[in-house]
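We have chain Y already, so just place chain R on it with the hints.
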Amino acid sequence: MSSFTEEQIERYSRHIILPEVGGKGQMKLLKAKVFLVGAGGLGSPAAFYLAAAGIGKIGIADSDCVDHSNLQRQILHSTKDVGRSKAISAKETLESLNPDVEVIPYTERLNSGNIMDIIKDYDVILDGADNFPTRYLVNDACVFLRKPLSHGSIFRFEGQVTTIVPFDGPCYRCLYETPPPPGLVPSCQEAGVLGVLPGVVGSIQATEVVKLILGKGQILKGKLLIYDSLNMDFKKVKIHKNPNCPICSDKATIKELIDYEEFCQAHVGS
Amino acid sequence: MKITLNGESRECPEGTTVEKLLDLCKIDKNRTAVELNLQIVPRKELSARVLKDADILEVVTFVGGG
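If you read the sequences in order, they're chains Y and R.
Per my numbering, residue 1 is the first one in the first sequence, and the count goes up by one each step.
Per my numbering, residue 1 is the first one in the second sequence, and the count goes up by one each step.
Excised from the complex, chain Y in its bound form (with noise of 0.2 Å):
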């Protein structure tokens, strides 16, 4: 693909009459590689705005299905759904708002024997995954393969987000170097979620994704962004790259790809 159709110049003339943005950078929208670890709370409005902007191909990985406590704030998904793969339900879900975008869905369990393949081709990562173990196979497989990482998290009330540019900025442990001891942090699924909590932090990864892609503006790396949605709060942390950080430092000592046991139900549906 080298020019638009007249359609494509028409759902997106106002990205293209950005400065920032033009048709350059629309075209590099429509050929960038999106994967996004998740298709629940943060995967949905990530997912739906990257659509939506004409990433040209989104992966979605998910290997729950969806359920009838998902849908306060899982937007990707409705009710005819409950019961369907989240990454199949997402994939329709894109397609219908953009044909130009075409989304491939995994509906495997992300894992160290899988990730790095999966992965490999694409060119920006979010991670919205629901558990630890995810967040630190993911953050480690992006190290290994240089890959840029939009971070969000939620929890309750607060949301955490930071973009991480491996090698050239901190990483996911470099702020916290190992998984919080099993059982100690609650899932969404035991403490709760606000339900647009999620439609703030994962529209914000989806605005850092855009932006590394289009090369423009400042990009949270080396900012931990945290937003306390009862308080209307935003507070920008800086975090620096730790000189003992186990996979990013020349001190590293992690050298390859770790499942860590799951903690608790936090998988299923937060």
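Mixed in with the good hints, there may be bad ones.
Said to hold, decoys possible - Result set (EDC-like, lysine to aspartate or glutamate): computed pairs, CA atoms no more than 20 Å apart in a straight line:
id : chain 1 : residue 1 : chain 2 : residue 2
1  : Y       : Lys238    : R       : Asp55
2  : Y       : Lys120    : Y       : Glu102
3  : Y       : Lys31     : Y       : Asp121
4  : Y       : Lys236    : R       : Glu8
5  : R       : Lys26     : R       : Glu8
6  : Y       : Lys235    : R       : Glu8
7  : R       : Lys2      : R       : Asp23
8  : Y       : Lys236    : R       : Asp55
9  : R       : Lys44     : Y       : Glu177
10 : R       : Lys26     : R       : Glu11
11 : Y       : Lys255    : Y       : Glu177
12 : Y       : Lys255    : Y       : Asp168
13 : R       : Lys44     : R       : Glu19
14 : Y       : Lys31     : Y       : Glu95
15 : Y       : Lys223    : R       : Glu8
16 : R       : Lys29     : Y       : Asp121
17 : R       : Lys52     : R       : Glu8
18 : R       : Lys26     : Y       : Asp228
19 : Y       : Lys251    : R       : Glu8
20 : Y       : Lys147    : Y       : Glu256
21 : Y       : Lys238    : R       : Glu8
22 : Y       : Lys241    : R       : Glu45
Treat the hints as calculated values from the structure; they're not laboratory data.
Same frame as chain Y, now just chain R:
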């Protein structure tokens, strides 16, 4: 002595360790990352690190939902 915790200045007794400060603030050390003067303090060193006047700390809590 005075330290800065998450952007806010506060008094803190001499000899306070990072762990003690977290206790005083009712923050669970197992659920946080602590950055002291721009360097991450490994979890196992929290009880050994004594705070000094004008130290700057950022404490962020593990959030994992999606």
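Consistency of the hints with the structure:
About 16 Å separates the Cα atoms of Lys238 (chain Y) and Asp55 (chain R), which keeps this hinted pair within 20 Å; it holds. A distance of roughly 17 Å separates the Cα atoms of Lys120 (chain Y) and Glu102 (chain Y); the hinted pair therefore holds under the 20 Å criterion. Distance hint between Lys31 (chain Y) and Asp121 (chain Y) is fulfilled; the C-alpha atoms sit about 12 Å from each other, no more than 20 Å. This hinted pair checks out: Lys236 (chain Y) and Glu8 (chain R) have alpha carbons roughly 14 Å apart, not beyond 20 Å.
Between Lys26 (chain R) and Glu8 (chain R) the alpha-carbon distance is near 16 Å, which keeps this suggested pair within the 20 Å criterion. Among the hinted pairs, Lys235 (chain Y) with Glu8 (chain R) is consistent with the structure: their alpha-carbon atoms are about 13 Å apart, no more than 20 Å. Distance hint between Lys2 (chain R) and Asp23 (chain R) is fulfilled; the C-alpha atoms sit about 17 Å from each other, no more than 20 Å. A hinted pair counts as satisfied when its Cα atoms are at most 20 Å apart, and Lys236 (chain Y) with Asp55 (chain R) qualifies at roughly 19 Å.
In summary, the hint linking Lys44 (chain R) to Glu177 (chain Y) is supported, as the alpha carbons are separated by about 11 Å, within the 20 Å threshold. At most 20 Å may separate the alpha-carbon atoms for a hinted pair to count; Lys26 (chain R) and Glu11 (chain R) meet this at roughly 16 Å. Note on Lys255 (chain Y) and Glu177 (chain Y): the hinted pairing holds, with a Cα-Cα distance of about 15 Å set against a maximum of 20 Å. About 19 Å separates the Cα atoms of Lys255 (chain Y) and Asp168 (chain Y), which keeps this hinted pair within 20 Å; it holds.
Note on Lys44 (chain R) and Glu19 (chain R): the hinted pairing holds, with a Cα-Cα distance of about 10 Å set against a maximum of 20 Å. Between Lys31 (chain Y) and Glu95 (chain Y) the CA atoms are separated by roughly 16 Å; this keeps the pair inside 20 Å, and the hint holds. For the suggested pair Lys223 (chain Y) and Glu8 (chain R), the alpha carbons sit about 18 Å apart, so the restraint of at most 20 Å is met. Straight-line distance between C-alpha atoms of Lys29 (chain R) and Asp121 (chain Y) comes to about 38 Å, which puts the hinted pair past the 20 Å bound.
A distance of roughly 16 Å separates the Cα atoms of Lys52 (chain R) and Glu8 (chain R); the hinted pair therefore holds under the 20 Å criterion. Straight-line distance between C-alpha atoms of Lys26 (chain R) and Asp228 (chain Y) comes to about 19 Å, which keeps the hinted pair within the 20 Å bound. A C-alpha spacing of about 33 Å is found between Lys251 (chain Y) and Glu8 (chain R), which places the hinted pair above 20 Å, so the restraint is violated. In summary, the hint linking Lys147 (chain Y) to Glu256 (chain Y) is supported, as the alpha carbons are separated by about 16 Å, within the 20 Å threshold.
Restraint check for Lys238 (chain Y) and Glu8 (chain R): satisfied, since their Cα atoms lie roughly 15 Å apart, inside the 20 Å limit. Distance hint between Lys241 (chain Y) and Glu45 (chain R) is fulfilled; the C-alpha atoms sit about 18 Å from each other, no more than 20 Å.
Against the hints set out earlier in the document, violations occur for numbers 16 and 19.
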